[in-house]
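Asks: Each chain, written out:
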Amino acid sequence: MQNEKMIVCRCEEVTYKELMETKKTYNCSARELKLRTRAGMGYCGGRTCRGMIDKIAMFQDSPKNNKEVSLKYQPPIRPVSFTDLGGVKQ
Amino acid sequence: MNKVIIIGAGPSGLEAAITCREQGLDVLVLDEYMIAGGRLLGQLYEQPDGTWWNGLEESKIRYEKALELGTRFLLNTPVNNIVQTNEHWTVYTDTESFTAKHLLLATGAAETPVPVPGWTLPGVMSVGAAQVMTNVHRVKPGNRGVIIGVNVLSTAIAMELKLAGIEVVAMTLPVNSQVTNESSQPKEVMNSLLHVSHMAPSKFIKLGSRLMKNDFMKNMGVTFFPKTGVKIWDIPIQLRKAVVEIYGDNEVQGVIVATIDSKGDVVGGSEEKIKADFVCIAGGLYPLAELAAVAGCSFYYSEELGGYVPLHSERMETNLDGLYVAGNITGIEGAKVAIAQGKTAGLTIAHHAGIPGLEKDIQTSIESIERARDKAYIQFHPGVKKGKELLLAEWQNRLGE
Ligand SMILES: Cc1cc2nc3c(=O)[nH]c(=O)nc-3n(C[C@H](O)[C@H](O)[C@H](O)COP(=O)(O)OP(=O)(O)OC[C@H]3O[C@@H](n4cnc5c(N)ncnc54)[C@H](O)[C@@H]3O)c2cc1C
Chain A
79 MQNEKMIVCR CEEVTYKELM ETKKTYNCSA RELKLRTRAG MGYCGGRTCR GMIDKIAMFQ
139 DSPKNNKEVS LKYQPPIRPV SFTDLGGVKQ
Chain B
104 MNKVIIIGAG PSGLEAAITC REQGLDVLVL DEYMIAGGRL LGQLYEQPDG TWWNGLEESK
164 IRYEKALELG TRFLLNTPVN NIVQTNEHWT VYTDTESFTA KHLLLATGAA ETPVPVPGWT
224 LPGVMSVGAA QVMTNVHRVK PGNRGVIIGV NVLSTAIAME LKLAGIEVVA MTLPVNSQVT
284 NESSQPKEVM NSLLHVSHMA PSKFIKLGSR LMKNDFMKNM GVTFFPKTGV KIWDIPIQLR
344 KAVVEIYGDN EVQGVIVATI DSKGDVVGGS EEKIKADFVC IAGGLYPLAE LAAVAGCSFY
404 YSEELGGYVP LHSERMETNL DGLYVAGNIT GIEGAKVAIA QGKTAGLTIA HHAGIPGLEK
464 DIQTSIESIE RARDKAYIQF HPGVKKGKEL LLAEWQNRLG E
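Protein chains in written order, with this note's numbering: chain A, 79 to 168; chain B, 104 to 504.
These are calculated hints, taken from the structure and not from any lab test. Any given hint could turn out to be false.
DEER-style ranges, computed between Cβ atoms [unchecked claim]:
hint	chain 1	residue 1	chain 2	residue 2	range
1	B	Gly457	A	Glu110	27 to 35 Å
2	A	Asp162	B	Gly399	21 to 29 Å
3	A	Arg114	B	Arg241	44 to 52 Å
4	A	Arg116	B	Gly153	50 to 58 Å
5	B	Asp129	A	Asp162	42 to 50 Å
All C-beta atoms in this analysis are idealised placements derived from N, C-alpha and C, irrespective of residue type, glycine included.
So that you can see chain B by itself, here it is in the shape it has in the complex:
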């Protein structure tokens, strides 16, 4: 039997593995992907201090450190079920099962798909897939792309595509339907964009973010948003247009865009074609908590955290004995927060495994999660701090019941 099993070799899982090994615990890490690093692998951007955050390298450093410390890894190994029996956890993969007293779920996040007519054509992909192709595998997804969905992640990835010499001819909204709701509302999108304004060299957005603090101004902003869009890194961002269809015979040949009013409804007769050889759909991220659900964890829905998250303590414990969570499964945030959470989870596990004297380290590590959150370059939801507070209150509430 293993002491600790960690599912997910992303930044939080790797950091937890390192922390547990430093405390002398025996650790097995399972990941379904063939390379360790999770979503950190695809990240590539310039930080405010002028240095570059290169996810490929950051992943490699942590993976090698974990290996040096004697962590065992099984990559290419999807986990399809976990079950709690007699005070230990059994983890099922396609061909084998493993048991451990302590199990950490560090399964990260997944992309929310947004359907647009024609989205099943070859050449349509999620924006994260384009990121992985470009930054991890170094393969161009195409030469001329359109990005549907304007949010923090798609803006960051649009810039990465540009760096790789791929033309992004437009970034625009998906057509309004019951399944696209906020992502097809110009005002909602404008609102969320204001929080990435520091990343944009565009005067319009920078100026706008200061002016648009109240609803009236936001409405005006949307009404007067230039029909031709504003450019960020030369990519036209259009909040007054939406893709109504992706067309092509056997693969993507382009998109049909139409003008929309400030409520997101299409203005008839305004349709025009834009040629493209690939299309990215960016619907945002949600915590990947399937295994926590199968295990029977208590859940909490939080818009600010990106969806359903397993209820957990500040120390990363769930309501089930021996089951812990860290990273984006606890809410959508950047890699540095995930790393800090991995450390806390590792220390908490060591504490429960009987290693004495960790209390102070645990408290310090909880504080460093807060610090990483406050300093985060990318914030996926402006209300993430509030979301975390509500979640903690709910944890204490239900614990009392």
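With the rest of the complex left out, here is chain A:
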């Protein structure tokens, strides 16, 4: 197996190759990378791959934003079951 086939976002099964090609084609920001590939948009809310998407976005010295977190955090920051969300008593 090579780097190319390596999975970066496990929830959405997005590979390293797909992310690098997207970066090279569109020279996009971390947020745009996420929106184009769905990396970081799965069940875990990007807990695992967030940092990697940031790094891929910095390919070829794209600048780093050092004042604000580059990928927005959205509540709920932990998975919540539908039962709890709907307030349904079991």
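For chain A, the structure is supplied; the task is to place chain B with the ligand on it using the hints.
Replies: Chain B with the ligand only, in chain A's frame:
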């Protein structure tokens, strides 16, 4: 309504809870894990004075003290959102919400994952997971492990695994890619290793740390780093090899390592297999600041502190009213620093809650954070002091705006 809510029952959260209770404030602590203690639970090492730092016991002592003082705890309770409304904070969990005038985020740190081909196989885990299995749950993660990623934390945990009778057959680098960068560069890794040399009984590393003060010597060090690695506690550490793939049919069966040049690029044809039944990935730590981000805190990125940290004062206040931070959320450091920060945060909260006469105690507690930092046994980044200074300057800067 609660007076104070603390999210995180790690060393900083526990110390803050104790401090607030001693000042007579009503305190509720929430933690998503089933045991109080946070990352302190897994720590086990011999200190320079020959005594042992046993995190399980240290956690228990603080948790029991907080309980005795009348702190309320809700464990097994993840917080998924916090919102500021009309001068108080609402904290959301799966089934309930709580409000308080003062909210402390003591959520600690998380591990940075480093992807390696095959890292989704069962049997691959973060090095912190191996630490928790071994030291907290007392379950062996396997019998023969390989650790990918050579840094302070993985070196410390490798030793803990050894103590538990688990064989670590190799510690080596991840294969070079855009997502591994520094952690796959022999020179960068060598550089950071020099700061843990005091932990290593190996002559090579000890000698090396004195010789390698300049770049030229570091390059030479990497070039002449023995191909077979150097041994620390009998574990071969290889900076001139990298794992190019983790293999196995349905679970980990081993890794393929290859020789790399001093830039981290693989030398073709040098691949060989090493058998293992578990693999740990060690990518280092970053401050877990999700809730501060959701709340809308100002942030600052600092390599030395491990990533994005909420902007905060020496007294542990954020730029949002009634929101405080303590522990590793403010930068990656050891447990003793986290404890000292928890105390400062507790006193600052008591001060804002109207308890008079705390000014001197606050100043003393700020000084003891500095002292704990200077004496720290484990330093996660050699530039942590500088990182803290820059952050404070940025705080004062933006406050002035
Ligand atoms: C894997 C790992 C290993 C480490 N090993 C060492 C070591 O060997 N030596 C050393 O000195 N330092 C080590 N550290 C550093 C460690 O972070 C500090 O020593 C110290 O534990 C930091 O204390 P803290 O109170 O800031 O956070 P932590 O101890 O991390 O505690 C934070 C607590 O907050 C809880 N929490 C987080 N988010 C939420 C949420 N949304 N809802 C509810 N609860 C939440 C967590 O469950 C946790 O219990 C390690 C860190 C990690 C991550």
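Asks: Each hint should be assessed against the structure and marked as holding or not.
Replies: Hint by hint, here is what the structure shows:
1. Checking the proposed 27 to 35 Å range against Gly457 of chain B and Glu110 of chain A shows it is violated: the Cβ atoms sit about 48 Å from each other.
2. Taking 21 to 29 Å as the suggested C-beta distance range, the pair Asp162 of chain A and Gly399 of chain B conforms, at roughly 25 Å.
3. Checked against the given bound of 44 to 52 Å, the beta carbons of Arg114 of chain A and Arg241 of chain B, roughly 45 Å apart, stay inside it.
4. The beta-carbon spacing between Arg116 of chain A and Gly153 of chain B, approximately 53 Å, falls within the hinted interval of 50 to 58 Å.
5. For the pair Asp129 of chain B and Asp162 of chain A, the supplied restraint of 42 to 50 Å is violated, since their beta-carbon distance comes to about 27 Å.
Violated hints for the displayed structure, listed by number in ascending order: 1, 5.
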